[in-house]
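K.L.:
One line per chain: the protein sequences are A and B, in this order. For the first sequence, numbering that gives the first Met the number 0 gives the first residue as 0, with consecutive numbering after it. For the second sequence, numbering that gives the first Met the number 0 gives the first residue as 0, with consecutive numbering after it.
No wet-lab data here; the hints were simulated from the structure. Accuracy of the hints is not assured; some may be wrong.
Claimed, not checked - The calculated DSBU-like cross-link candidates involving lysine-lysine, where the alpha carbons are at most 30 Å apart (straight line), are:
1) B:Lys-434 with B:Lys-245
2) B:Lys-379 with B:Lys-354
3) B:Lys-224 with B:Lys-345
4) A:Lys-167 with B:Lys-189
5) B:Lys-321 with B:Lys-334
6) A:Lys-167 with B:Lys-277
Stated by the list, open to error - Over 12 Å on every C-beta distance to chain A, these chain B residues come out as not near it, computed from the model:
7) Val-238
8) Arg-360
9) Val-373
To be verified - Some chain A residues near chain B, calculated using beta-carbon distances under 7 Å:
10) Gly-72
11) Gly-158
12) Val-175
13) Ala-177
14) Leu-179
15) Trp-187
16) Val-266
17) Ala-268
18) Val-269
19) Ser-271
20) Leu-272
21) Phe-287
22) Ala-289
23) Arg-290
24) Leu-291
Think of the CB as a built atom: it goes at the ideal place given N, C-alpha and C, for glycine as much as any other residue.
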Amino acid sequence: MTSTNPTLSPAGGMSVPPAGPPAARRPSSRAAETRRKWYEIIGLTTPAVVVYVMFVLVPMGFAVYYSLFRWRGVGPPTEFVGFNNYVLAFQDPIFLDALRNNAIIVFGSLLIQGPIALAVALLLNRRFRGRTVVRLLVFVPYVLAEVTVGIMWKLLLTGGGTVDALLKQIGLGNFVQAWLADLDVVIWTMLFVLTWKYVGFAIVLLLAGLSNVPPELTEAAAIDGASWWQTQRHVTLPLLGPTFRIWMFLSMIGSLQAFEVIWVTSVPAVRSLGASATMATYMVDNGFFARLWGYGNAVAVILFAISFIAALLFQRFLLRRDIEGAVTGRRN
Amino acid sequence: MAMKHRAGATLALLMTTALLVAGCNGGDSEAPAENELYKNPVTLTWWHNASQDGPGKTYWEKVAKDFSALHPTVTVQIEAIETNQLQRTRLPAALLSSDPPDIFQAWGGGEMREQVEADYLKDITGQVKDEVANIGSATEIWQVNGKQYGLPYRMGIEGIWYNKDMFAKAGITAPPTTFEELNQAVTKLKAINVIPIALGAGDKWPAAHWWYNFALRACSVDTLKKASVEPVFDDPCFVKAGQDLKTFIGTNPFQPNFIATPGQNDPTSANGLVANGKAAMELMGDWNRGTLETVAEDKQALTKFLGWFPVPAIAGSAGDPKAALGGGDGFACAKNAPAECVEFLKYIVSPEVQKGFAETRTGLPVAKGAEAGVADPALKSILEATSSATYVQLWLDTAFGSTVGSAMNDAIIAIFAGNGTPEKVVEAMKAAAKK
Numbered sequence: 000m001t002s003t004n005p006t007l008s009p010a011g012g013m014s015v016p017p018a019g020p021p022a023a024r025r026p027s028s029r030a031a032e033t034r035r036k037w038y039e040i041i042g043l044t045t046p047a048v049v050v051y052v053m054f055v056l057v058p059m060g061f062a063v064y065y066s067l068f069r070w071r072g073v074g075p076p077t078e079f080v081g082f083n084n085y086v087l088a089f090q091d092p093i094f095l096d097a098l099r100n101n102a103i104i105v106f107g108s109l110l111i112q113g114p115i116a117l118a119v120a121l122l123l124n125r126r127f128r129g130r131t132v133v134r135l136l137v138f139v140p141y142v143l144a145e146v147t148v149g150i151m152w153k154l155l156l157t158g159g160g161t162v163d164a165l166l167k168q169i170g171l172g173n174f175v176q177a178w179l180a181d182l183d184v185v186i187w188t189m190l191f192v193l194t195w196k197y198v199g200f201a202i203v204l205l206l207a208g209l210s211n212v213p214p215e216l217t218e219a220a221a222i223d224g225a226s227w228w229q230t231q232r233h234v235t236l237p238l239l240g241p242t243f244r245i246w247m248f249l250s251m252i253g254s255l256q257a258f259e260v261i262w263v264t265s266v267p268a269v270r271s272l273g274a275s276a277t278m279a280t281y282m283v284d285n286g287f288f289a290r291l292w293g294y295g296n297a298v299a300v301i302l303f304a305i306s307f308i309a310a311l312l313f314q315r316f317l318l319r320r321d322i323e324g325a326v327t328g329r330r331n
Numbered sequence: 000m001a002m003k004h005r006a007g008a009t010l011a012l013l014m015t016t017a018l019l020v021a022g023c024n025g026g027d028s029e030a031p032a033e034n035e036l037y038k039n040p041v042t043l044t045w046w047h048n049a050s051q052d053g054p055g056k057t058y059w060e061k062v063a064k065d066f067s068a069l070h071p072t073v074t075v076q077i078e079a080i081e082t083n084q085l086q087r088t089r090l091p092a093a094l095l096s097s098d099p100p101d102i103f104q105a106w107g108g109g110e111m112r113e114q115v116e117a118d119y120l121k122d123i124t125g126q127v128k129d130e131v132a133n134i135g136s137a138t139e140i141w142q143v144n145g146k147q148y149g150l151p152y153r154m155g156i157e158g159i160w161y162n163k164d165m166f167a168k169a170g171i172t173a174p175p176t177t178f179e180e181l182n183q184a185v186t187k188l189k190a191i192n193v194i195p196i197a198l199g200a201g202d203k204w205p206a207a208h209w210w211y212n213f214a215l216r217a218c219s220v221d222t223l224k225k226a227s228v229e230p231v232f233d234d235p236c237f238v239k240a241g242q243d244l245k246t247f248i249g250t251n252p253f254q255p256n257f258i259a260t261p262g263q264n265d266p267t268s269a270n271g272l273v274a275n276g277k278a279a280m281e282l283m284g285d286w287n288r289g290t291l292e293t294v295a296e297d298k299q300a301l302t303k304f305l306g307w308f309p310v311p312a313i314a315g316s317a318g319d320p321k322a323a324l325g326g327g328d329g330f331a332c333a334k335n336a337p338a339e340c341v342e343f344l345k346y347i348v349s350p351e352v353q354k355g356f357a358e359t360r361t362g363l364p365v366a367k368g369a370e371a372g373v374a375d376p377a378l379k380s381i382l383e384a385t386s387s388a389t390y391v392q393l394w395l396d397t398a399f400g401s402t403v404g405s406a407m408n409d410a411i412i413a414i415f416a417g418n419g420t421p422e423k424v425v426e427a428m429k430a431a432a433k434k
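Excised from the complex, chain A in its bound form (with noise of 0.2 Å):
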């Protein structure tokens, strides 16, 4: 197909307008200046400023708007009660237990993915042959989806199906538990299940941190006399730092959103039972399946008002020296 293009160059690249001699900064066009920049910002930023606002601050002021009604999603909604809603979910043992079941969900991530994929992540570091295979096998589960996943899951931790047997072939038959039907082990399953599929995403990002390490720096530890535990200690983790404080963020704020695994792995019943619910899911159940729509949106203005004021705190005090200047305004 040939280009019909008069703005592409002969060799496909954009032409560039000859430029003009450098503009002199004569005072009386500073303001055609500001003028300009002004719409160069106006320019470049409005259609992400629109798309931002239409689908995403828009559908929020909606939320908002309709958590305040007593309304089931049939003719609009006309029964205002105030912040009855909020009151009700706060007063619902079921949503606390999906409150209890996002924090064990976002600490049991951090505490037990964070040790994980670091010491993953430095051991594939090093060179050693089949790296790529074992980097490659680390990140799948992590591209699979969701659905898929929860499927697979469920279908391997059913009572007497392929995990179960698995404990009994090597003499842990003790150790099997009802994975998916008790209602006290089950949350824990969840967190396997989350753990098994997010801590590749921890150990790629890590590595891709420990890229970031300046060879030179450990070679001169090791020029030193470090060994390589010590090199570890005090030049790689250091330097790992922002990284790992970003997937923190990250990790938590996925946590306190998680949906589909848990949708897809725990029944319903479970769920509803309050063992295995989420916020995420609770807002769903209740939502559209209890055709509580007012409501619903209630928890889901509950649930991003959390997940913001979470985010907020990391920020200002973990990632503090990570964004400065981007996010936060510039330190004097």
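We have chain A; now place chain B onto it with these hints.
P.N.:
For chain B alone, kept in the frame of chain A given last:
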């Protein structure tokens, strides 16, 4: 200075957005339907839930094509959508946006009552008198305040599907007709080391249906009819239903870990246990013939051993022993749908089309004259039991609407899990009615 610029830009942006949003909503007023049928070309959009490839989906395509052949001015545009998606998100959103499909799936009961109150549906009472007479009392489920808003094409009562071979092996000579006999059968089946009753409590509703049946036995027909219209639930029979259920669960008739067992669709489900000869009984609706077959490893064996009997009666209870729980599928026309929509609806429930539907074996037909399409002996016994039932109560979660229904099912599941009480079920229903 910069602040001022920014404010101006923001304002302009907001105005643009507002205009865009307004543009999306405006200019959508449809012309009212033509008075004269089949004069002008019309397109009917039809949303149904036979979304999986199979006889059901193919049959509706044929029905649409046949109707267009009969009436060349009418084009039917089908969209097949999975039930949950259709019922929970697509239909409510389409109805809210005042651009709904012309003819769509309707389950009757509390949900239809709400749709009628919001003025979404076409009153078809005058046009479908003959069809209502031919279908009979099943049409009541698609009525609100005595007016007809939809018609069923599938309807059946629920009962217990059982394994005849296991019953013979355990020495059970006749299907139980009372709960005492059912309890004895459970004991006998345990003795031959099979699961007496498979239960898909994981999906909630299969377990909740046991409570519904205890309520049907404990409550008078009048109490149930009143509860569907007025969500009060003060009658002590609703607590009694929970107590009876608790006693029944106490006899351990179900498989272990039933709380996480799904109802249907995979070999680990309650359906799978029955279809593959691991469990002897299952409480389920008329569609079970088809869903059992999809998970059965040996379909011929299934056809041979499968039997069906109505839910047993409870001696000395207030309920009508010949009453049954049931439900069905139907279609309704949107308020502003063209008049051809009603004609299409009438065509769908005509005996000829109904007979073809029965032959797909995806459910039991409702129209008289379509019985010949039902060949399976188990389905035939349901058809007989349905017509001899003195009263058919719609599934309670459908009858009470999704909100009360969902809270009720959750509270019943808690009884099954061992941390609920009969009183809490009624409390949850009352609280949900106010939510």
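K.L.:
Is the interface hint for Val-269 of chain A satisfied, with its Cβ closer than 7 Å to some Cβ of chain B?
P.N.:
6 Å, holds
K.L.:
With chain B as the partner, please determine if Arg-290 of chain A meets the hint condition of a C-beta pair closer than 7 Å.
P.N.:
4 Å, holds
K.L.:
Should the hint that Val-175 of chain A touches chain B count as held when the rule is a Cβ pair under 7 Å?
P.N.:
Violated - the Cβ of Val-175 of chain A stays beyond 7 Å from chain B, reaching only about 12 Å at its closest.
K.L.:
Is the Cα-Cα distance between Lys-224 of chain B and Lys-345 of chain B 30 Å or less?
P.N.:
27 Å, holds
K.L.:
Holds or violated: is the Cβ of Phe-287 of chain A closer than 7 Å to a Cβ in chain B?
P.N.:
Check passed: Cβ of Phe-287 of chain A comes within 4 Å of chain B, closer than 7 Å.
K.L.:
Mind verifying the non-interface call on Val-373 of chain B? Its CB should be farther than 12 Å from each CB in chain A.
P.N.:
Val-373 of chain B is indeed farther than 12 Å from all Cβ atoms of chain A, at 32 Å.
K.L.:
Holds or violated: is there a CB of chain B closer than 7 Å to the CB of Leu-179 of chain A?
P.N.:
Given a least distance of 5 Å, the restraint on Leu-179 of chain A holds.
K.L.:
Given Ala-177 of chain A as an interface hint, is its Cβ closer than 7 Å to any Cβ of chain B?
P.N.:
OK, holds: Ala-177 of chain A within 7 Å of chain B, min 5 Å.
K.L.:
Interface hint check: Ala-268 of chain A, Cβ to nearest Cβ on chain B, cutoff 7 Å. Holds or violated?
P.N.:
5 Å, holds
K.L.:
Against chain B, with CB atoms and a cut of 7 Å, does the hint on Ala-289 of chain A hold up?
P.N.:
4 Å, holds
K.L.:
Does Val-238 of chain B sit more than 12 Å from chain A, CB to CB?
P.N.:
21 Å, holds
K.L.:
Tell me if the straight-line CA distance from Lys-321 of chain B to Lys-334 of chain B falls inside 30 Å.
P.N.:
37 Å, violated
When each numbered hint is compared with the structure, violations occur for hints 5, 12, 15.
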